[in-house]
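K.L.:
Line order of the protein sequences matches chains C and V. Take the first sequence: its position 386, counting from 1, is numbered 386 in the working numbering, and each next residue is one higher. Numbers given in the working numbering equal positions in the second sequence, counted from 1, plus 1000.
Think of the hints as simulated: they come from the structure by calculation, not from any bench. None of these values were measured; they are calculated from a predicted model. Positions of the beta carbon are idealized from the N, C-alpha and C atoms, including for glycine. Hints are not guaranteed to be accurate.
To be verified - To be clear about the criterion: a stretch of chain V counts as covered by chain C if any three or more of its residues have a C-beta under 8 Å from a C-beta of chain C, and this derived list gives those stretches: (1) 1086-1100; (2) 1163-1171; (3) 1217-1228.
Claimed, not checked - Restraint ranges, calculated between C-beta atoms of paired labels, are given here: (4) C:Pro-106 - V:Gly-1145: 41 to 49 Å; (5) V:Lys-1108 - C:Gly-347: 38 to 46 Å; (6) C:Ala-232 - V:Asn-1006: 39 to 47 Å; (7) C:Ala-232 - V:Glu-1114: 35 to 43 Å; (8) C:Gln-375 - V:Ala-1117: 47 to 55 Å; (9) V:Lys-1015 - C:Arg-429: 56 to 64 Å.
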Amino acid sequence: MNARSAVDPVVRWRAAFDRAPANDAAFASRRAEAFERFAGLGFPGARDEDWKYTSLRRLAGREFAPVAREQALAATPPAAPSFGPHRAVLVNGYLHEAASGLDGCPAGLRLRSLGRHGRDTDSASWLQIPAGGGTERFAALNAALCGDALLLEAASTVTTDTVMHLQVDALGDETSVSHPRVLVRLAAGAGLKLVVHYRGDDRAERFVNAVIDIQAGERSELQIYRLQQQGARSFQIERIEAALAREARLVVRDASLGASLARLDLRARLEGSGASAELTGLFLADDARHLDTQPRIQHAAVGTTSLQDYRGIAAGRGRGVINSKVVVDQGAQKSVSRQTSRNLLLGAGAEIDTKPELEIGADDVKCNHGATTGQLDPVALFYLRSRGLDERSARNALTRAFAGAVFSRMDLEPFARAVHAAFDARLDRLLTEAT
Amino acid sequence: MLSIRNLHVQIGARKILNGLDLEVSAGQVHAIMGPNGSGKSTLAGVLAGRDGYEVTQGSVLYRGQDLLAMSPEERARAGVFLAFQYPVEIPGVNNAYLLKAALNAVRKQRGEPELDAFEFLGLVREKMQMMQMDESLLNRGVNEGFSGGEKKRNEILQMAVLAPTLAVLDETDSGLDIDALRVVADGVNRMRDPARSIVLVTHYQRLLSYVVPDLVHVLLDGRILRSGDAGLALELEQRGYDWVRREAKVA
């Protein structure tokens, strides 16, 4: 054991917290409380069930410099695909207004930052400290150290035709940490498509510790299109947590393609009767990438519905973890849930751990789950080759077909196109290396 | 066209083909008949390059080339086509995509330019009409949700589009009702050409009433034990296979 890794990471993070500028004194006690929550929980150890397949030893041993607001805002984000007319750009955790395009947002759609409206009466809830294990400790660290906590609000006049594009960039040549934080609040009957695009290049090793809190009012509908393209040397830990009121609906279309190590906790609580959540996605763990996705749905009310459908691909020495869970509370009768996890291994060194879980506390429910992990079907491969396709094209076609089921659900055209292109490029490279 | 000499093939330790000889000339249609387990599908698989077979002796020459040294895709591009006994369902890989990719691979090998979308569709539509297939099948996954008959028609459609030099049809007649059998047989008959050879691997004489072969071979115990004209198929239908084995022993 070397001297560096012997230091308790909490001690190092405490030093960073003590040095952090007190730019919002009104919340100093809130932030201190959040930090103590993190310190109390510490980094997860090998015996922590929630982190069974994901070791954070590498992350715990690293030191990351915080980025000052001025420094972050001086950067010019590289060109990015556009997913709609309204865009907010976060650079290293700060709202970059110059790069954003928020003029022309419909009247009911509002985006504000805690960093600049520090005395807003609402602000306390922007720094919500979560409970419930998993990435809880990192969400607390985020609350203690985040730069601009954004509040995105949609009034009941906003519909799912409206697309808000949130671009979350990690930039700079230096090793750095950022804590992007967004609170999304949908009024009763509101609708919104929210694209969350994480980007980072390979120039530096970074740590992105993101939190997205969602409060979905009655009959509201939020569709999240998430594309994770973090830099290949970086760590990303993220918690998306949604509370859904009566008949609210959450739809998530996720594509996790980047980072060296990424962990996503995606949690939805169906608190009102008739609420529903549909979480679907794809991850591609190639090279030595480690991608851990943990979707979890809690049925807390009568007549709630959920679907989880994930597809994972691992290649090279890549490793995927997909641990989906459904909890049906006592009294949440007539709940319906389905969990599917299908996984594809493209090489002997790749690994995927999948474990769908089901905890049922009510007796009148319909819940099922299934998981498969396998390789490309050799019979199908031979069939395609016997028609003249070379092995690479045949593998490519079958891998695309495997992922295609997820793409076909991404019903936001420019997003689907961007994900498709990114996926295809990676697949091409992967197959080039393999042959 | 195709020259198989003393072919010995095993799967694991089990010997399937034991010195098979077969000569197929250009323009001929040969039928290979035999009971279950006689090695018919192994022969078809070996010709197409399927994995899992070990060739321990013998040679297969296709137009003078060592066929066994070629990968499955090289064989396909050189004009060898296998119609599968059990066509594979491949959800997510579009039928039209496969046809186009396959056709372009074959055309490239022949030094022909790729067909544009218009020409391709024209060709495929014509062949689909011939096979009495609904055009909507083009935009489905390969064989996805196809009935047994549709799958077999799809195999013949692929053959018609790719226009191979050597076609091996592995029990394409099995599982077909009489109408579908006629459509498939018509499709095969239209493919008869002085420059093309067709090998029909079959269980029953049924198909051979529609596609009359130039030669019929009986495959038994991993070898061709008897060859004859189309009349042999009828004789087999009436008398079974045992007499062939008995007479072969006597000889």
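K.L.:
Against this structure, judge whether each hint is valid.
P.N.:
Okay, the hints, checked on the actual structure:
Only when three residues or more bring their CB closer than 8 Å to a CB of chain C does the claim for the segment 1086-1100 of chain V stand; here the count is 8, and the claim holds. With 0 residues bearing a CB less than 8 Å from a CB of chain C, the segment 1163-1171 of chain V misses the requirement of three and the coverage assertion fails. For the segment 1217-1228 of chain V, the stated coverage by chain C is violated: 0 residues have a C-beta nearer than 8 Å to a C-beta of that chain, whereas at least 3 were required. For the pair C:Pro-106 and V:Gly-1145, the beta carbons lie near 43 Å from each other, so the given range of 41 to 49 Å is met.
The hint said 38 to 46 Å for the Cβ distance between V:Lys-1108 and C:Gly-347, and at roughly 29 Å that hint is violated. Range check, C:Ala-232 to V:Asn-1006: Cβ separation about 55 Å, and the 39 to 47 Å hint is violated. Checked against the hint of 35 to 43 Å, the pair C:Ala-232 and V:Glu-1114 passes, with Cβ atoms roughly 36 Å apart. A hinted range of 47 to 55 Å is violated for the C-beta pair C:Gln-375 and V:Ala-1117, which are about 34 Å apart.
Distance hint for V:Lys-1015 and C:Arg-429: a CB-CB separation of about 44 Å, inconsistent with the stated range 56 to 64 Å.
Hint compliance for this structure: hints 2, 3, 5, 6, 8, 9 are not met, and every other hint is.
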